Structure formats: structure tokens, C-alpha cells
Amino acid sequence: MSLPNLLIPLMVIIPITCALFLNLLHERIRTVKVISIVVAFALPIIPLFANYGTHYFGGYAPLIQNPISADLPTLITGTALYIFHPAITYVYGSAQKLMIFILGIVGLFAIFISLYEVKKPSGVYIYLMLMGIASITAMLLSDDIFNLYVFFEIAALAQVGIVLVSKIKNNYETALKYMILGGIASPILLLGIALLLGVTGNVNITDIVYSIRNGLINPQSPVLLMACSLIIFGWLYGTGLPPFHVIKSAMYSKALPTGAALLQAFSVFSLVAFGVIIIRIFSYIPFTHVFLLAISLIAMVLGITMAITQTDFKRLIAFLAVGELGYIGAGFGLGTVFGITAGLFQAVNESIITALLFIGFGTIMYKTKETDMQKLGGMLVATPKSALFVLLAGIALAGVPPFNAFQSKLMLVQASLNSGLPEIAIIMVLMSIVTFMTFMRAFHTIYLRPKPVDLEIKNEKIPKITLVAMVIFLAICLLLGLYPHLATNFLQGLAMSIT
Amino acid sequence: MIIDTQLAALFTAGALIVIGIFGALFLDNLIKKVIALAFIGDGANLFLVSLGYKAGGIVYIFLPGMAMSNFSQNASYPLPYALVLTSIVIGASTMAVMLGIIIILNKKYGSISASKILGE
Amino acid sequence: MNIYDIILKKIKDIRMETGDNKPVTNIAASSMLTAEITLISSILIAIVILRLLNKNLMIVLAVLVFVLIFMAMPIMPKLKREQNDSLTSMNFYVIIALGIIVTLFYWGNLNV
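Residue numbers (the working numbering), protein chains in the order written: chain Z, 2 to 500; chain U, 4 to 123; chain F, 103 to 214.
In case anyone wonders, no lab produced these hints; they're calculated from the structure. A hint or two may mislead.
Claimed, not checked - Listed next, the in silico DSS-like pairs over lysine-lysine satisfying Cα-Cα at most 27 Å (straight line): (1) Z:376 to F:157; (2) Z:121 to F:114; (3) F:114 to U:119; (4) Z:170 to U:119; (5) F:157 to U:119.
Small disclaimer: the values here were computed from a predicted structure and weren't measured.
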């Protein structure tokens, strides 16, 4: 096996190994720093060098690719057993490359900022972030639905951990609520996977799709419908679409800014990973598309209307992030190649922009230790540079050219018009406008209105790395906004292969 | 045998899940709530493991001296057993974290009542 | 009494119920109003999608929902009160959602 193909499992193995190692030496600050920096750089760099292809764990390729298969009886070679995948399979394509790269960039800066914003970096925090990144990477790569479930659970635990270490008021309560809801939703997801396994006898998604498409099992079997509904319910939990939007936004608001930036990237990419699978397996059920569209619309409306009424700015951004998830879901729900490409593009854009917003507004917390907007004001004088970047991020979030979300939202609007659903296009545009209004309200109250008398602003300087991170995020936004085909070329292949 | 073993296992799994959801909704004591959640997880695991059951089946290890045809017809399905082990480990670790949080919250509030701790 | 005053009064009532004693600022009332209008308009637009199913049904439903919304106004404070951080209410909605999803998928697909 050549080295570049070996890099596919290493994308998951390196962060996990280093995470476990960091957890052991969390007292030695210098070593922790050095290892964290090296791994953080490895996160976005490895996917750039890995070749496209598949990796079979244990080397158990399907029999058809195996040299020993020449001697097998026709009992095996004549049936589907011949092409089924016996091993856990990782598939690395161009879309995975872009998404893992973007996740790596967000992770890189989250780790860097957390190393430099505090005087004594905590190995445990870095450990949790790396575990989360590794599991989301594995979810994007995995072609095995049970493997996906395992990493989904690890990601959920890592997210709880990120909230637990934040020391923000009431973080333990929120984490416990999330875990209790997860305690209901994850077994339900497992049950859906078990039903799928029971019907098809397989956990490999390619094989499941093959079984359904080629009539090895009855596609209209009620068990499959049940499996679809249960898996979709688990998907709602993992991504924070309604009815989980309240707890998910609470989780974001109880994490540190770097943690929140990572948490939303986790939600976005687990939405993509599971959404792709739902579309691949269940797109033959017409109701799946209807349901995805409906839940996305509900997410948009509930997320954004709840965001307007918030007074805590972290909660506000959190609800906006949930609302933006609706756009991605709508792209998947449309079910056309163009729609899914637009949805994936929106996922990439949103993960960057929301990370930028969380980190940008995080500077306010760094300066004042205050998140209530009613007690804030006049921060423009204290943090002029980050104010500018936050403003640009908000403009990008709302979908104003020349930034990237403009391109993806335009594509989504076009896709819904092409599908003969102009109403969805209208709601999307309406929600973009309201998003912008909500953001401007927050921006005005925090930065522009006169400073309240009792507000104390600490005299510490914002770390340079925070500003650098914001500039680089903005540069990516601008680059993808001016040259959208840079991203869509990567994503189109995946969209074409799943419809 | 009045009822098929596999069917009985599936019914038990369903009952465990329903009881678990009921408990998670209506019990106020946090420890009891966690136990109810464990019920849901156990139900899902039991369901998964009973999928591999085969009436009159043999263990899926091919020993020397076995007839190939006998093995291939009678061995039970091994995949669910492999999967359920992972799933049980995940459930146990999740429960450990939950109980840990409850210990901390108990120190803070002096109570393990869900309505008192996890209200608004 | 115009609609703005009604909404302001409703928000005050709900604040009293939840024991939240912060004064109702202009900005809070106007954002509540924006949320309300956004919600109503998007619901009404979303109903138009039903034209793909049946045009008459869409017209009847649109009128019905419009009247219902007008009678139930303001909705947003109630909706916000429902979506609170209490575990019991979240649990409740999660289970309800599970029931709805399973029912829709199971019977919806079998009988269409």
C-alpha cells in the first residue's frame, strides 16, 4: 500500500492518538503546547496530501478485488456476496477533501486561540477538541453506518466535555440536559441502524444501497420505513434541528468561544455526513424529501425568530447558527444534484462564517466577561479591529456579495426555483433579510450605542492570533465568494453520486 | 416452548424501550432518570443482539473437522454480536459521565431532583 | 388600543408570569414584533406549497390559518415561552416529535 492511501485512516488516527497522549501529560504546559501546535497543523495539511480512494481496514477488500477469488465456487461469485464489503471502509473523495480541510482549518485556529488566550493551556480541553475533530472526520469518511454511529457517540461525548470545561455559569446543567436528551435519541438511532441491519444483513452503506436498488430486499418493506424514521430522528439530535434546537443553542452558548466555533462545525458536518447517508439510502421514499424540506423550513423559522428575541449575544448567534442549518437541510431536501451541491457548499460556508462570528464576539467576552447585550455598549472604541471583522462576518452570514454565503444562498434559491418551489426561495430570502436585521441589532447594541456607565472593560490586549484567525477566515470567505467553483467543483462529484 | 425465543427477545426489547422513555419523561429523581435511560439503551442493544439469533444455531466459529455445509447452514449471524459490544461500551461511558455530572450538581444544589436542578 | 400596545401588554404579562422583572425596553418589544411578522409571513408562504397537493385545500387552509393566527396574535411570546430551557418541556417535545416522525413515515408511506 502506498503512503498517500495510508493517509486516509491517519486523518482519524493521528488526532485520536495525540489526544490520548495529551490527556496523560496535562500538567506539562510546554510539551502540551508543542504537541498541540504540531497536530493542529497536521489537521488541515494531511487531507491536502492524501490521494482519493478507499481504505479497507484490515486490508479485507471485497472479494471481487481479491486475487484469491479466482478459485471460489459460483455459489459465492454468482451472488452479491462477491461484491459486498467485508471490512469497515473509508471513502475519500474530493468533497471529503474539502470538508475535512475546512474542519481542519476551524480546528487549527480553535486550538491556537485556546492555547494563547489563556495563560495556562489545558491539555484536557485540547484533548476534547481533537477527539471531536477526529470523530467528525471519521463520520465524513466512513462508509459503514455502525462505525458512523460509534463516532457520532464519541463526538457527542466530546461536545459535552467541551461544555463541561468552559466554567461558564450553569454549564453542568446544560450538559446534563443534552446528555439526557441524547440518552433518548442515540438508542433510537441505534435501533434504526439495527432495523436496517436486520433487513439487509449489512452495515456497509454501499451494500445496503445495492441491496435496495437491485431488489435483493423489498424496498417498500415497513421495516425500512421505520428504520428511515428512526435514523432521521437521530440525525435531528446530532445536528440540532428542531425539536433539539433549544438544547443545541444552549450548548453553544455555554461553551468558550473557541469551543462554540468547533461545536457548530461539528453540527454542520454531522448534518452533512448523516444527510448524505439518508439521501443515499432512503431517497427512493418520496416522503423523505418532503420531510427534510419541512424540518428545514421549521428550523429556519424557529431558529431565526428565536434569535431575534434573545438578549444574550452568544445565544443569539447560536440560534442564528441553527437557523442557517435549515438552508443546508433544504438543499438536501430538494434532492437535485444542483440543490445538494448548493447545500454542501452552504455547509462549508456556514461552518467558517459562524466560527468567525463566535470567535469575533468572543473578544467581547475576553474584554468584559459579559454576554448580556443590555449591559454592553460602546465596544467599538475598545476593539475597533475585531468590530470590523465581526461586521464583515455578519454581512457574509446574511448572504451579501462578494462573500461566500451569497453564492451558496443564490444557488439554493436557484435550485428551489428549478424544482418548482418558489415559496421556499421566498422564505430563504426573507430569512436572510431577517438574519441581517438580527445581526445588525446585536452589532448596534454591542458596538455602536453609548457605553453604559457601569461597564468595565479590561485593559488586556486581544491576542494577535485571534485577529489572524479572523483575517484568514474572512480571506477564505472572500475567496470562495469570488471563485465559488473552487468549492463547487469539489462538491459536485459527491452530489452526483448520491442522487 | 410457547413463544419463539427471538420474538420474546424482541418484545422484551420493545417493552424496555417504552418503559425507559416513560421513566425518562416522568421520573423526577435524576439517578432514576439515568436508570431509565439505561433501559432505553439496553432495549436497543437487546434488539440488536436478538437479530443474530438462529433457532437451533451453532456458534459461528469454524473449528477443524466441521463440515462446511453444516456450518454455513447452522451458524448464527455474527455481526450483531460484534456491534453490540461496542454499543454497550459506549452506553457505559455515557452513563459514567452523566452520573459524574449528577455528583457535581448534587454538591452544588444538595438535591438530585430534576425539576429543581434542570428547570429553566 | 392598537396592536403594538396589545403586544407590549402581552409581553409584560408573560414577564410577570415567569418572574422576569427586567423592564420591557423598546428594542425588546420591536424585536418581538419583527419575530411575529416573520413567523406569520413565513407560515403563510409555506402553506402555498400545498398547491402541489390540492389547490382548493390550499386556499381553504390559507384562509383558515390566517384567521386563526389573527385571533391568536401575538404568537411569538407564547412560542418563546414554549421553547424554554427546562428539561421537562424539551423532553416532552422530543418524544412528541419522535411520535410524529414515526407515524408520518410509517402510515404516510404505507397508505399513499
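Here is what the structure says about each hint:
1. Z:376 to F:157: violated, 51 Å
2. Z:121 to F:114: violated, 46 Å
3. F:114 to U:119: Measuring from Cα to Cα gives roughly 25 Å; hence the hint holds.
4. Z:170 to U:119: Answer holds: residue 170 of chain Z to residue 119 of chain U is near 16 Å, not above 27 Å.
5. F:157 to U:119: violated, 50 Å
Going through the hint list in order, the structure does not satisfy hints 1, 2 and 5.
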